[in-house]
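Dock chain L against chain A, hints included.
Number of protein chains: 2
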Amino acid sequence: MLDQLLKPEIRELIFSEKYDELQEALEVFEPAEVAALIEDLAEEEAATVFAALSPTLGPQVFEHLPHKDQSALVEELADDTELLSGLLNDISPDDRTAFLEELPPSAVQQLLGFLDPEEREIAERLLGYAEDSIGRLVTTDYIALQPEWTVEEAFRQIRRFGRDSETINVIYVVDEYGRLIDDIRIRDLILAEPEQTVRSLMDNRFIALRVTDDQEEAVNSFRRYDRAVLPVVDAAGTLVGIVTHDDMLDVADEEATEDIQKLGGSEALDEPYMSTPLFTLVKKRARWLVVLFLGEMLTATAMGYFETEIARAVVLAMFVPLIISSGGNSGSQAASLIIRALAIGEVGLRDWWRVMRRELLSGLWLGVILGAVGFLRITIWAAAFGMYGPHWLLVAFVVSLSLVGVVLWGGLSGSMLPLLLKRIGADPAVSSAPFVATLVDVTGLIIYFTMASAVLSGTLL
Amino acid sequence: MLDQLLKPEIRELIFSEKYDELQEALEVFEPAEVAALIEDLAEEEAATVFAALSPTLGPQVFEHLPHKDQSALVEELADDTELLSGLLNDISPDDRTAFLEELPPSAVQQLLGFLDPEEREIAERLLGYAEDSIGRLVTTDYIALQPEWTVEEAFRQIRRFGRDSETINVIYVVDEYGRLIDDIRIRDLILAEPEQTVRSLMDNRFIALRVTDDQEEAVNSFRRYDRAVLPVVDAAGTLVGIVTHDDMLDVADEEATEDIQKLGGSEALDEPYMSTPLFTLVKKRARWLVVLFLGEMLTATAMGYFETEIARAVVLAMFVPLIISSGGNSGSQAASLIIRALAIGEVGLRDWWRVMRRELLSGLWLGVILGAVGFLRITIWAAAFGMYGPHWLLVAFVVSLSLVGVVLWGGLSGSMLPLLLKRIGADPAVSSAPFVATLVDVTGLIIYFTMASAVLSGTLL
Numbered sequence: 001m002l003d004q005l006l007k008p009e010i011r012e013l014i015f016s017e018k019y020d021e022l023q024e025a026l027e028v029f030e031p032a033e034v035a036a037l038i039e040d041l042a043e044e045e046a047a048t049v050f051a052a053l054s055p056t057l058g059p060q061v062f063e064h065l066p067h068k069d070q071s072a073l074v075e076e077l078a079d080d081t082e083l084l085s086g087l088l089n090d091i092s093p094d095d096r097t098a099f100l101e102e103l104p105p106s107a108v109q110q111l112l113g114f115l116d117p118e119e120r121e122i123a124e125r126l127l128g129y130a131e132d133s134i135g136r137l138v139t140t141d142y143i144a145l146q147p148e149w150t151v152e153e154a155f156r157q158i159r160r161f162g163r164d165s166e167t168i169n170v171i172y173v174v175d176e177y178g179r180l181i182d183d184i185r186i187r188d189l190i191l192a193e194p195e196q197t198v199r200s201l202m203d204n205r206f207i208a209l210r211v212t213d214d215q216e217e218a219v220n221s222f223r224r225y226d227r228a229v230l231p232v233v234d235a236a237g238t239l240v241g242i243v244t245h246d247d248m249l250d251v252a253d254e255e256a257t258e259d260i261q262k263l264g265g266s267e268a269l270d271e272p273y274m275s276t277p278l279f280t281l282v283k284k285r286a287r288w289l290v291v292l293f294l295g296e297m298l299t300a301t302a303m304g305y306f307e308t309e310i311a312r313a314v315v316l317a318m319f320v321p322l323i324i325s326s327g328g329n330s331g332s333q334a335a336s337l338i339i340r341a342l343a344i345g346e347v348g349l350r351d352w353w354r355v356m357r358r359e360l361l362s363g364l365w366l367g368v369i370l371g372a373v374g375f376l377r378i379t380i381w382a383a384a385f386g387m388y389g390p391h392w393l394l395v396a397f398v399v400s401l402s403l404v405g406v407v408l409w410g411g412l413s414g415s416m417l418p419l420l421l422k423r424i425g426a427d428p429a430v431s432s433a434p435f436v437a438t439l440v441d442v443t444g445l446i447i448y449f450t451m452a453s454a455v456l457s458g459t460l461l
Numbered sequence: 001m002l003d004q005l006l007k008p009e010i011r012e013l014i015f016s017e018k019y020d021e022l023q024e025a026l027e028v029f030e031p032a033e034v035a036a037l038i039e040d041l042a043e044e045e046a047a048t049v050f051a052a053l054s055p056t057l058g059p060q061v062f063e064h065l066p067h068k069d070q071s072a073l074v075e076e077l078a079d080d081t082e083l084l085s086g087l088l089n090d091i092s093p094d095d096r097t098a099f100l101e102e103l104p105p106s107a108v109q110q111l112l113g114f115l116d117p118e119e120r121e122i123a124e125r126l127l128g129y130a131e132d133s134i135g136r137l138v139t140t141d142y143i144a145l146q147p148e149w150t151v152e153e154a155f156r157q158i159r160r161f162g163r164d165s166e167t168i169n170v171i172y173v174v175d176e177y178g179r180l181i182d183d184i185r186i187r188d189l190i191l192a193e194p195e196q197t198v199r200s201l202m203d204n205r206f207i208a209l210r211v212t213d214d215q216e217e218a219v220n221s222f223r224r225y226d227r228a229v230l231p232v233v234d235a236a237g238t239l240v241g242i243v244t245h246d247d248m249l250d251v252a253d254e255e256a257t258e259d260i261q262k263l264g265g266s267e268a269l270d271e272p273y274m275s276t277p278l279f280t281l282v283k284k285r286a287r288w289l290v291v292l293f294l295g296e297m298l299t300a301t302a303m304g305y306f307e308t309e310i311a312r313a314v315v316l317a318m319f320v321p322l323i324i325s326s327g328g329n330s331g332s333q334a335a336s337l338i339i340r341a342l343a344i345g346e347v348g349l350r351d352w353w354r355v356m357r358r359e360l361l362s363g364l365w366l367g368v369i370l371g372a373v374g375f376l377r378i379t380i381w382a383a384a385f386g387m388y389g390p391h392w393l394l395v396a397f398v399v400s401l402s403l404v405g406v407v408l409w410g411g412l413s414g415s416m417l418p419l420l421l422k423r424i425g426a427d428p429a430v431s432s433a434p435f436v437a438t439l440v441d442v443t444g445l446i447i448y449f450t451m452a453s454a455v456l457s458g459t460l461l
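If you read the protein sequences in the order shown, they are chains A and L. So in the working numbering, spot 233 of the first sequence is number 233, and the numbers just go up one at a time. So in the working numbering, spot 291 of the second sequence is number 291, and the numbers just go up one at a time.
Same shape as in the complex, but just chain A:
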């Protein structure tokens, strides 16, 4: 890795101010590798190295930097207006949007001032689309042809704009109003005769995304059609730009990260764990932890309600953690399975009844299995150590039956809650697992003690 092997050498070149040699040394590496090196440097050094990069490599390296380092760099370079203007004009429109959208409005205004009129118009238009919409990921670096052009003219266009285009695997055909009417693969152009028209290669079949579509919806289109690039159109069908696979991988990663964090019972961090400030980390976790704590307080209320039973038969208290945690585990299994299936699109709202039937059956099975293990445990301990008093068999029954009920109930609520959340338009992942655990804890106690009252009344109670 460049950042490990070459750091002393690079630092040497910085200190001795050999910027030409530095440029040459870095030119042979991948933008991502140079970015990793710059990330590891102190801010001032980072700016020096960045300023030494060639005008081609610089913007590419910038695109690979985390936002924090991008901001620091732009601040350091504030005085070098020429470099800054070159950089902001040359980075891909989608990466520029990603950089600008995180900045305060005043900084955005200031930086937009560095752009050429044309780039500025593009930047402002893309920033105008809603957050989390496809528009924010659009790049305008694509090639568009007109149907009446010949293949030879098409290649002239490709030679002219191909250098900047993000992809030339697919080329787009637009009509006189800029409306998208087809996509053509470069291989078909290469295989065609120079004098053929573009129209003769068209099949008028194409897939396009809407600029206002949700980014997560767009990932589903990429999942479905296995494309590297998809064109993006507005409501009138005008070609606005393209979206590429790398952004979709990022969106899919982010989607999964958010779901995992929410499933774990915190808010989505929105930043890498390590670079989240401690205060933010505590805040994002504390909020849900307190909500769940307030919910769990109901367990104390429930336990208080059964205080006399516990006082009379302390043995009942002993199995409380076992029973409620089993319900919680069963619930978090079901919740995580359904939340992921919803996210990937494997399960939809219309499947609720089939999901419920599956969870009823599997919950029953799982409950019976745990109930049997629990029954065995109590029987063995009673026989071997004489524990749980003379009525141990009844206790074993109460515990086993409660386990069946609690595990079944855990699976049912764990699977139905995410569907319910989705139904009312909320995010199914939001703290479902711990929320289900809390719900099941409270209801589990009620199931357990009600069962105990019924079975043990007259003996232990």
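Derived by calculation from the structure, the hints in this document are not laboratory data. Where hints are given, some of them may not hold.
For chains that are exact copies, the list does not tell them apart, and a pair is met inside one copy or across any two.
[Unchecked claim] DSS-like cross-link-like pairs, simulated, lysine-lysine; straight-line CA separation at most 30 angstroms:
hint : residue 1 : residue 2
1    : K422      : K68
2    : K283      : K18
3    : K284      : K68
4    : K422      : K283
5    : K18       : K68
6    : K422      : K284
7    : K422      : K18
8    : K18       : K284
9    : K283      : K68
Here the structure is a predicted model, which means the values were calculated and not measured.
Same frame as chain A, but now just chain L:
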């Protein structure tokens, strides 16, 4: 959507056996859409529709079918050896591997018999790579050039093999031994003069994956370098094939699905939730549920150990669920954050000390917050309803201090366990969250009752 709109019409064409019209009707749709239609049909109908597809569309549609439907289709088509042989020879090598690797060895042998010698050699070689290695995702449909060729000769090669190639955005250059020596973008070829040599376009800089690399490692390369395609080489540097972005999106999705399912405390399902047989679903969930149940039994042992304390002060039992669940929630927050950060590569083993320091600090804060809320709750209930007896203030202290300890301990073990699992070479995601919850439940009880014994001895105890 085709499957909704056209089903009656398609069915009409099937019943009237108008196969030519059927072929024509389906030709205008995307392979993914035809696949979705076939999925919805009964097995026999599906085979009829599939057999009517053109030889170009058929393999593409097959690649978009779920494995279950692929198998059913191949079984239905078993008698039509010509169709079957055409299909198996024409699907992309990577999709063929994905289809074959799920079948029993005898079926694989039988199907390999349908392949031409060349395709058979490729199929056997790809199946020879380890499961979950990059080799299983490799396709051999790429274009390779030799450095001494001219650009004109290069285009001749592209015209010849470009039709089958998965991408021609990037073309590979190999030496006389087939070793990869460079990658060239098609745009550079288009911009070059016909008589230039390929060598004159080379910069000898390229990124390649090893065929034995883990698939999840490979996704990290795609994440890092933002490429649509990466070449794959063997230990000798020979070009084995290419891997494309769509497979990487699948791997990233699968990776996240597995982690979410494991975090939720089941084994990874490996199949969509809805198509997992109920028995498998129960088995994959029961295993961990029982393991966790056995672990949670220690809570009964711990509670048994404190039986006298509970009998003397039943009020203590009331807060047991509240305290252990708070520890569990804090633990599952930390575990999910760290597991995802590990998966995405944001956190590595070398960061353990920084993670621990963060978790110590945030755990302390979170504990203090919950402790304060708990203290308030007990104070208010004691003042308003006269609950928790004359020593309620001491009880409030015990509960609050225990909360600080348990929440802190939950965060610490939740963050350290995944790192520890990774350190010993195990999967950090494996049931970390519920395992942490179980660990924290048991230790939480010990913290709580030890604290109670210390503070309440002489008053309540």
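Hint numbers not upheld by this structure, sorted from lowest to highest: 2, 7, 8
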